[in-house]
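First to last, the sequence lines map onto chains R and W.
All residue numbers for the first sequence refer to this note's numbering, where the first residue is 1 and numbers rise by one.
All residue numbers for the second sequence refer to this note's numbering, where the first residue is 1001 and numbers rise by one.
Keep in mind that the hints are not guaranteed to be accurate.
These stretches of chain R come out as covered by chain W in the derived footprint (C-beta under 8 Å, 3 or more residues) [said to hold, decoys possible]:
#1 127-135
#2 140-151
Facing chain R, according to a computed beta carbon distance under 10 Å, are these residues of chain W, among others [as the list claims (entries may be wrong)]:
#3 Ile1049
#4 Asp1057
#5 Pro1062
#6 Gly1143
#7 Ala1145
Computed cross-link-like contacts, DSSO-like style, restricted to lysine-lysine with a CA-CA straight-line distance of at most 30 Å [said to hold, decoys possible]:
#8 R:Lys132 - W:Lys1056
#9 R:Lys132 - W:Lys1003
#10 W:Lys1216 - W:Lys1164
#11 W:Lys1216 - W:Lys1056
Treat the hints as calculated values from the structure; they're not laboratory data.
Please read all numbers here as calculations on a predicted model, not as lab measurements.
Glycine included, C-beta positions come from ideal geometry on N, C-alpha and C.
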Amino acid sequence: MSDDIRVRMVAVLPRLRRFAYALTGNTEQGDDLVQDACLRALSRIDLWQPGTRLDSWMYRIAQNIWLDRLRANKVRGEVVDIDAMEGIPGPDGRVVVESELTLQAVVAAMGQLSAEQRAMVALVCIEGASYKEAAEIAGVPVGTVMSRLARARRTLNAVLNQPGRAQAARMSAKTGS
Amino acid sequence: MRKAGEKAMALVDGQLAPAEVPGLVQELARDPSLVAELQTYLALSRSRIASAFAAKDEEPVPAWLTETITRGGNLAERQPARQPGFGQSLLRWLQGSYRVPAWSLAAAPAAVVLLAVLAGGLAVPHPGRGEAMKTDLSTALEGAASGKDAAVTTVRPVLTFSSKSAGWCRQVEVRHANRQVAHALACRSEDGKWNVVSSTPPGPAGFAPAGADRRKAIDDLATSMMRGDPLSAEAEAALIARRWQTR
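In isolation and in its complexed conformation, chain R is listed as follows (with noise of 0.2 Å):
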């Protein structure tokens, strides 16, 4: 293994730190996520094609670690349904969030999105991903992608908007529930 490919994947760290927060919301787990994923990286480097984004294959590897683990812990927070909440203004009414957003609100309002919403915000909002490669790297039609991404929206919008929602998702968020 070229002493190269380790000096890219350093490179990434950041953004797959980033990333891995967005992920599981939580700093330590974040890392052991990304050690992980490093882990497996390295020991399946042969399976990278140069050429291609080395970032997007490590992200890719990050989030199947991840989701594997969600599966196999059954950890997966409570997925609330937009269509399901009670208060949510209508779209003729619909509040918008306008005040700034701050880290804790976010990571607390992600808490309430689907493992594969919560990876699609990550992707594409935070890490800048097109459509078309967080496509790629989460092996799904760009058409997935843009339903995901519109419903964790509408659900992000929905919890930041309301305060006591809010408040119980950042419970929820420190509680790991």
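Assemble the complex: chain R is given as a structure, and chain W must be docked to it using the hints.
For chain W alone, kept in the frame of chain R given last:
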């Protein structure tokens, strides 16, 4: 309607094809609810969400995480995938060797068995005699230096490391009188007891493909649990002198 909403989102994200923009504008002009939805996406634009996470960018990457890559070793060459069925054979071996009740193993993960060291000592099997040869693994783990045989040349710690979640851990070789060698990984609990996290069946010593695979399964597990590098001889000696207290 839904498609129009997703197009509105794509517009905000800069992902809408230019050819589709005029059509979307026309729809926005005649559908107030679509405008409201567009406002939602504007409020949760990529730049706004990303800016919330900007604080994370200022945090330095922990050195142990960087070292996972820089000193992670050529794992592709050194540590192949664990053998299929390894966990089950380990369970059988542990159950047969240590007379562990089946119920206690049934509750354990297949590949990683947490087995409390009984009464401070671990019974190491002696296949030739059919009875367990008692070896004080706990004593060896507590006080022996890596690379040196401990006690009656039956337990040799190979390396010591800090694990991500289980405190101090040591990889050991357990050498039997008939020259068979088993490999094990044990971690020290807060109350000072050493727990065998995983171990292999005993096999021929020296280089042998099957034996090498067994050793690599433990290598692989140790690497996955490791936080940073294994301790140097000096750091390990200091840690033993401190009776495994970090500071």
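How the hints compare with the structure:
1. 127-135: n = 3 at 8 Å, threshold three: holds.
2. 140-151: That given contact holds, which follows from 4 residues of the region 140-151 of chain R lying within Cβ reach (below 8 Å) of chain W.
3. Ile1049: Hint on Ile1049 (chain W): holds, closest Cβ of chain R at ~4 Å, below 10 Å.
4. Asp1057: Check passed: Cβ of Asp1057 (chain W) comes within 7 Å of chain R, closer than 10 Å.
5. Pro1062: 6 Å, holds
6. Gly1143: 30 Å, violated
7. Ala1145: Violated: closest Cβ of chain R sits about 27 Å from Ala1145 (chain W), beyond 10 Å.
8. R:Lys132 - W:Lys1056: 25 Å, holds
9. R:Lys132 - W:Lys1003: It holds: about 17 Å lies between the C-alpha atoms, which stays within 30 Å.
10. W:Lys1216 - W:Lys1164: 20 Å, holds
11. W:Lys1216 - W:Lys1056: Given that 30 Å is the threshold and the Cα spacing comes to 37 Å, the pair is violated.
Comparing the model with each earlier hint shows violations of hints 6, 7, 11; every other hint is respected.
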